[in-house]
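Single-letter residue listing:
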Amino acid sequence: MTKYATVLGISDEGAPVDRKSGFFTAIRKDKKASFGLIMLSVFVFFALFASWVSPHDPTAMDFDMMLPPSWEFPLGTDDLGRDLLSRIIHGTQISLFVGVTTVVIALVLGLIMGVAAGYFGGWIDMVIMRYIDLLWAFPNFIIAVYLVAVFGAGLLNVIVAISLAFLDDFARIARSMVLIIKEEQYISAARVSGASDFRIMWRHILPNAAAPIIVQATVCVSYAILGEATLSFLGLGVESETPTWGLILADGRSFISRAWWLGIFPGVAIMLTVLSINFLGDGLRDYLDVREVKDV
Amino acid sequence: MYQYLIRRTFGALVVMFAVATLVFIMLRLVPGDPIAAMLYDVGDPAAIEEIRRNLGLDRPIYVQYGIWLGNALQGDFGNSIYGSRVEVSRLLLEALPRTLSIASISFVVAIVIAIPAGLIAATRRNTGADYAVTLIAFIGLSMPDFWLAILLIIVFAANLHWLPAIGYVPLSEGFWPWFSHLILPSIAVGTAFSAIVARMIRSSMLEVLNMDYMRVARSKGLSEMTLVWSHAFPNALIPVVTVIGIAFALLMSGAVVVENVFAIKGLGRLLIQGILNRDYPVVQGAILVVSAIFVFSNLLVDVLYSFIDPRIRYGS
Amino acid sequence: MTNKTLDELSLAQRAELEKELGEAYDFDPKDPMFGLSKDELSGPDMSRRAVLRLMAAGGTLTAMNMLPLAAGFGDVQAASGGVLTCGWSGVGQIVTLDPARIDQVVQFQITSNVLSGLMHINPDLVGEGDLTESWEVNGDGTEYLFTLRKGVTFHNGDKFDADDVLFTYNRSKDSTKSIHSRVLNNVNSVEKVNDLQVRFKLAKPQASFLTKTLERSSGRAMTIVSRNALEKMGTAQFGLTPVGTGPFKIVEHQLGQGVVMEKFENYYDPSRPKLDKVIIKPISDPEPLAAAMESGDIQLIGGNPLAPELIDRFTANPDMVVNEVTGPGFQSIWINPWHEHMKVADFNKPVSELMKEKGFMVRLAFAKAMDRERYLKLAQFGHGTPAFGTINPAMGFYYDKGLEKTSTQTFDVKEAQRLMAEAGYPGGKGFPELRLATTPSGRRESTVVADILRKNLGVKIQVEAKEWSVNVEEFDSMRWDLRRSGSGGDFDPDDAIVDWMQTESKFNGRKRDKSKMPFGYFSDREADDLISQQSTEADPVKRKALVQKANKITSDKVASIFLFHPADILVYHKRVNFPKQSRIPGLVDLDRVTMS
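Residue numbers (this note's numbering), protein chains in the order written: chain B, 1 to 296; chain V, 1 to 316; chain P, 1 to 596.
Just chain B, same shape as in the assembly (with noise of 0.2 Å):
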């Protein structure tokens, strides 16, 4: 996990820099990330239309147990007679929901601090910063462990488990954009003309800040997938009837040395969910031009 903050580079008029119209056209010249991009369009493709597209119902335990892969079954079928490729296609259903929906959590709760803290500075900033503090007393996974085990597992205490884990990352990032950009000619321009601070933190710091804050969101996006992974893995996870990748693993995992699919294909499929997210995510930051600068 990168703690550090980053710099968008701002043009001399101090207004926030226009590159919406250059974005697909460097994607696409960018190898990495155009193979991220499509992957992950592939598996957005799968979670949406998971049932269309699965060849058979992945609970069904119709058929025999530990096949090899075939035509019928392309990636074989699990201990219970489950066809393992309708259970991998469904599984993208809750990692990328998982995925997605933390982020969006931390990164909204992480920027309201983190843009308070930074912007009204005094006591509120104290009282913010020793709560990330607290947070950064621990390692984010063993935070999101100790949430679960505690609380119990089931989707939305996972999904609060790992959103309040990341959340630091944003509040210090927003937090050091608005104490950079707080230095800037333009805010005070706009106070002297009489801007409220809301006004302030919407129209000029949040743009300006937007840059690597996305830049973060699809790491912590990437990060969060594997940790829904493994907290499934270690039987923290998620309950339901629609299997995750991490369960089918830590299910198979007693099989693998008879049925060596059980092992690989749920891991093939981890893995290039996050490899995709993180090309695009490396496409993204060579684009806005992120340049790193130590914690301010």
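Since the hints were derived computationally from the structure, they do not count as laboratory data.
Ideal Cβ placement from N, Cα and C applies to all residues, glycine included.
The hints are all genuine.
Just the calculated beta-carbon pair ranges, DEER-fashion: (1) P/Asn156 with V/Phe179: 34 to 40 Å; (2) V/Leu69 with P/Val251: 34 to 40 Å; (3) V/Leu93 with B/Val127: 32 to 38 Å; (4) B/Val127 with V/Ile61: 24 to 30 Å; (5) P/Glu16 with V/Phe179: 56 to 62 Å; (6) P/Lys159 with V/Leu69: 47 to 53 Å; (7) P/Lys574 with B/Ile38: 50 to 56 Å; (8) B/Phe49 with P/Thr385: 42 to 48 Å; (9) P/Glu433 with V/Phe179: 50 to 56 Å.
Given chain B, work out where chains V and P should sit, using these hints.
Then chains V and P, alone, in the frame of chain B:
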């Protein structure tokens, strides 16, 4: 500078105890009665109550906290609720070397791979070597560590029989037994970290290599070798120092999962088992130790940084 | 490779078995000496016939006990020596080994190697003294005079004498110190006659006194502990490294790391044990356990029942021996009778009456829809036998083989669907989603259960795996819809029906809100009475009738959906010679084991 350090140290201690308190409260408020579970087969409510009384679990929560805190400051973390009531400090002392062994070997393995890799990628930018390193780094970052652990076991232990599949052997029983049991877990844990460091070094080096003072040095006629090693490299290392701080976070999280897969009784395993068994004293102690290590290693990084960064060094 | 022991008997051997069994039960139940003479009941050893008689009278005789030694595995006796490393399955730490506190199979298996009892029933079913040289019974079977073995020492060098027997007795009788005090309820007193003689005075004649209460492996209450060691070490340390007189002594035990035992040089029988050292490692997860066994890190698996997915894996491995026998236990799906849609407020009616109630119809529908064969195939890989009651096949004499056909729970999908429809939920429509509570290790098999019920009845069941301590609390408070659990180590009917099927049973919703729920998961007055009666019934034939009647009631009235009786599996490397005499289901006695 000293003022800064003192402030940071104090802050660290405050953070640690806040964490412990939070954990204490949350654990008690959560469902699951450890004593009843332990004596399930006995089924005698009187016996259960008596054991609960013996362990002081019937006192109000703030009293329990006070007692625990007082003891903790003297190094006594109480006894495990589960079973033979062994001292928690003993459990921690047994678990700590295991996790530290994994973390340190992972760290070494990661750095040993990452630095050359990052250097190669930076100095041969946009060539095949660069692409290869970058791609491998990405893949390493994207693999779930438990999956990598399972794959390693399948290949190296179950099939090739080169290395043992599970367990831990203390250093006192010989270097190779100790080390051989730690190789696979360390690779599983260290890979992601290695990838991050390699990429950091690469980008850091690239930045430094492009800077003005490098051009000046080049124009003076210094060889590329000298440039890389005595000028670029040390400067490129500076941001990497920050990474060491988060190294611990990564390695600890990784250790938790890997201890599960390799059945090693380290801190991570102790923590999870303690939580699952509602073994309060064990969880308290484990979390205190974990956060202590984390907080103080961060402190160490800050100290190192304060020597490098002139702003802090001379006070701001 | 696998060897199923009972199947190996030849016809002649089977006939011999039947004959002995018949003889064993041939006595007048009112006879305090169980049809045996004073000489036959007294030491220095008791004949096989006498032991069989006592076991029959005590209700602990099963065909399993009587297997001849000839049909063999592990007959090869290799030289002594060697180190055996064992993996203890499904357990993270062996919490305590103090006999006064142990209550899990994983612990018994270790202590029976470290501690001795006064008696030992050897593999030929000849009763021998373990720590006694001989004994005498008085005319009405209420007094036993034991002459203790000379020259026995504890692991720490102390000499064993009558004071240790007294100390152990007093400690075990104290319910605040020992959880097994109930076992000694029939003993009025123990007196020291001299340094090497003690006299036990019983309240009533007790058939199982010599064969169970004082026996080395099964009698927890009278396994002799060293009073010196207890005083010196304190209870906590003693629980980790108990000091006894057994063939092995514990040299190291780190919680969570396992136990190391070494040959006790001064064991009173110089020919035992054969091994030099035994290392026991707890390995809770199945995958590391399998990896350890396959790589040769461990050579034998003991502890909790093996995860079923590993059984086939080991069977397919030519280097390993998998020994499977019927296990003593049962597993069920419990149905909460207070759930609105499955409500049965009063079981005290004949089944025909109950059948008119919607709640009972649903209950019975579930039981009839439970395809046990499919469950066994998917969830247990074919290991185990379908269950229709708590009385398991390992209880031999008491087991009702025919219950499978006569119970109301017999598998019948059409009938089950008809019942659901009649209760108002045709095809499962309108029936709420239920939660099936289980532990994380039971999640896989519970998924199979949920799937079977979904397919056959159309009801939706969500599997909820919660940690053991949470699970237990919810079960006791009756906060669940369905629950998957059962019992193991049941060698005597008392272990099963008393603990589970009575209104006052210790697992029957102890912590429930009594104002809302007059009983826990099941309550039937007739069953209660029958169960209490059988507990004190000395005549085994009468007892069998009582037990089977009670068992049928619990089955017909669906006290729970009885699922299966697990198999007892022992796995070891073919290098290990595990003599059949040591093969007691549930135990791992290592004193005669050798390695080649």
